[in-house]
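A.B. asks: Could you put the whole structure together from the sequences, leaning on the hints where they help?
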Amino acid sequence: MRENGELVEASWDEAMGRVVERSKEVLEEKGPLAFGFYTTGQLFLEEYYTLGVIGKAGLGTPHMDGNTRLCTATAAEALKQTFGTDGQPGSYADVDHADTICLYGHNVAETQAVLWMRMLDRLEGPNPPKLVVVDPRPTPAARRADVHLQVKNGTNMALMNGLLHEIIANRWYDEGYVAAHTLGFEDLRTTVEEYPPEKLAAICEVPENQIREAARIIGESERLLSTVLQGFYQSHQATAASCQVNNIHLIRGMIGKPGCGVLQMNGQPTAQNTRECGANGDMPAFRNWDNVEHIQELAELWNVERMKIPHWSSPTHAMQIWRYAEQGSIQLLWISATNPAVSLPELPRIREILEKEDLFVVVQDIFLTETARYADVVLPAATWGEKTGTFTNADRTVHLSEKAVDPPGETKSDLDIFLDYARRMDFRDKDGGPLIKWYNPESCFEAWKECSQGRPCDYTGLSYDKLRGSSGVQWPCNDEHPDGTERLYADGSFNTETDYCETYGRDLLTGAESTEVEHRALNTAGWAFLLAAEYQPPHEEPDEEYPFSYTTGRTIYHFHTRTKTARAPQLQSAAPDAWVELSPADAESLGVGEGDVVRVESPRGRLEAKARISGIKEGVVFAPFHYGYFDSDGPPRAANELTITEWDPASKQPLYRVGAVRVTRISDSGGMPAPAPTTTASAPSSGVSVPGTAAGGDAEVEEIVGKE
Amino acid sequence: MHLANYLGYLHRAEINLAEGFRKVGDSHAEEVDVYHTCNTLSKQCEAHADKLQPFVERYGEEKPEEPENLYHELFDETRSGGLGLLRDMQDLYLMANACDISWTMIGQASQGARDRELLEVVNACENQTAAQIKWLKTRMKQAAPQTLLVAS
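Quick mapping for you: the protein sequence lines, in order, are chains U and L.
Letter by letter, the first sequence follows residues 7 to 714 of the numbering used here.
Letter by letter, the second sequence follows residues 24 to 175 of the numbering used here.
Derived from the structure by calculation, the hints contain no laboratory data.
The reader is advised that the hints may include incorrect statements.
As the list claims (entries may be wrong) - A few chain L residues facing chain U, derived, Cβ under 8 Å:
#1 H59
#2 T60
#3 W158
Claimed, not checked - Here are a few chain L residues that face chain U, going by a calculated C-beta distance under 7 Å:
#4 V55
#5 A154
#6 K164
#7 Q169
#8 A174
For clarity, every value in this text was computed on a predicted model and none was experimentally measured.
Cβ coordinates follow ideal geometry from the N, Cα and C atoms, glycine included.
C.D. replies: If you want it as structure tokens, here you go:
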């Protein structure tokens, strides 16, 4: 707890007492709209569901979101807009069957290493699939690709329209499937007519023949798997471009069959659960906030008045929650298992908000993060392995993760913390009974099953016993599908029925929402939407003052803001400090050699780091977003000091992949190369000699196969 | 024939709406989504006016005063703060609706005149104007409870 400006140790009673006292004051003075909850993609399903019910039916605030807004909001939005609800159509098993794999802005070798191993098995085995990679950096996957489209940042939408143009012009699409299962083909066809390869080659700065070749590979494939991640989700026109990946599969009729899958990926292990349970800007079990019947179902399930549940507009997205906190209309912000002081865009602004006198900040995390240092109360939470719960991965596979060891000291599981808050706040249902009727993970899971019944993410056929001893079951799992469901939409029937869908639709250019009446008039009958959009140039482009395009991203050795991975010595030594990547041509014109220290500045902030001369696209500067300040008191090094406060109009995902910067050399290398790994997309360009990243003795393991 | 009058009205109204979007966006630049979307829509309105230009010439140009009066009434002074944002967007909503109904009128006339080219322009632009109105409504609905109940 903060006492006289300092964080001091306190008992749970004191800390929770302070949180409850302030909650009651805020509720009394300002009401539920002064509460904001900012959670994560790293808790368990049971914890998100409990948090969702506390916020929506206990307090009654619409201001709940997760850092999933930064990692997976566009995946959810693109799925909703095309197919009617969230829910991954494909399955990881599609990797085993595909004859072509396309990675759209997805550095899979560094973000999902296990999935990449599965792809490598195919690439190294008989009948390897063709591989197409869209990425401005020479990622490990890009080096293996048949075609690597090294596009200019912010031009994904133009590229996708160009690929669709070629597929349609060459008649590589399935007319029967389009006619039977989709709406909007004529609009899509006319829109993409304006994007012939020669035109978009200039926009995307990619050779025309590469675009034609990529389109041919996609167009002639028979079992196409596409995956999408941050290169699309965190870039300009995020949702619009991601919807075009769905469109390729729809017009080729390649969905719901082995090897034919779309994987709109997630950035964190349980982001899927955040989305399902309503702890982010969604209603639980993919219900539609604008459908009164859906809200009535929740009201009956929770035994509260329908009016209690905020459903007057779409739930508040994270960037707006932070804006309300900045303006002072949110006065209590509860942050769980995430580190916005490093991970949000434009950090100087975020620090100012966290420091505001009139904002009471609760931080619940496993370590004292950069964000926790700004908290009024810090609640020490257990991590996975120290608690039990379920988690669901990007292809809908539900796992049970059982407690292996006790949490250290007086640490509590996130579920127990939320349950304790609900008890102390004395949240009641409309008959005076306790609002939260569960008391541990398994009883919460049973409550969640009831909530999910009849929705796309139906868990009713699952139980802890069923999940124990299996390696996971894919939802929906119910009476109809007792063993789960490997692929959605196998029959070409989508979740777009007006009474069932999660959204009545949005305009991709502005985010404007359609109404129930407008949706009903489309008479969708379970057809998928082929949504088209024009390419628009990014809002901030390089100019004379800031001549480089700036992008941020990940390295395999660290996760998120290094809260955990910096404490794993082997990972920390592989990538011990921040760096920036420059192309050889740009490095030469700036007079920068490998390892020289440079200052990178945007209109919002600056960082200093050693330069790695890599194979990155000319004109682009990259910085890894992981590095903050809990283990460093040197000059600014966080990539998000520079990023722009802007978000996609449809998914509201912040744009970490566009922005303009300038680079200045400030000192020489001192004989030391940049601390960037050499085994990844950060590998030095040919001609630059750097000692290779080695695991070292700490990371060595010995495997003994069979009996000793 | 009064088509020229309505064309002149809409042509001027789109130019003024473009200016209105730009002004409101600039006045509320701290609401970054409002800023960027207003700028995008401002350009869209300018494009509408450009597309109308040949028809203004074809049917002769009249310059009714109402769009100017409406512009001065709505946008001479923009506001600041949360409540100011709602009121400024409400002004955009009024002007966009003036454009919307004008597109409908001109669409009717273009059908009567069998002017296919004008009808095509109307079809392309009136959907965008409708989307502008939808965006204003979506954004205002989002902001209203916080602004009217909690913000100081």
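A.B. asks: Indicate, hint by hint, whether the structure satisfies it.
C.D. replies: The hints, checked one at a time:
no.: 1; hint: H59; result: holds, 6 Å
no.: 2; hint: T60; result: holds, 5 Å
no.: 3; hint: W158; result: holds, 4 Å
no.: 4; hint: V55; result: holds, 5 Å
no.: 5; hint: A154; result: holds, 5 Å
no.: 6; hint: K164; result: holds, 5 Å
no.: 7; hint: Q169; result: holds, 5 Å
no.: 8; hint: A174; result: holds, 4 Å
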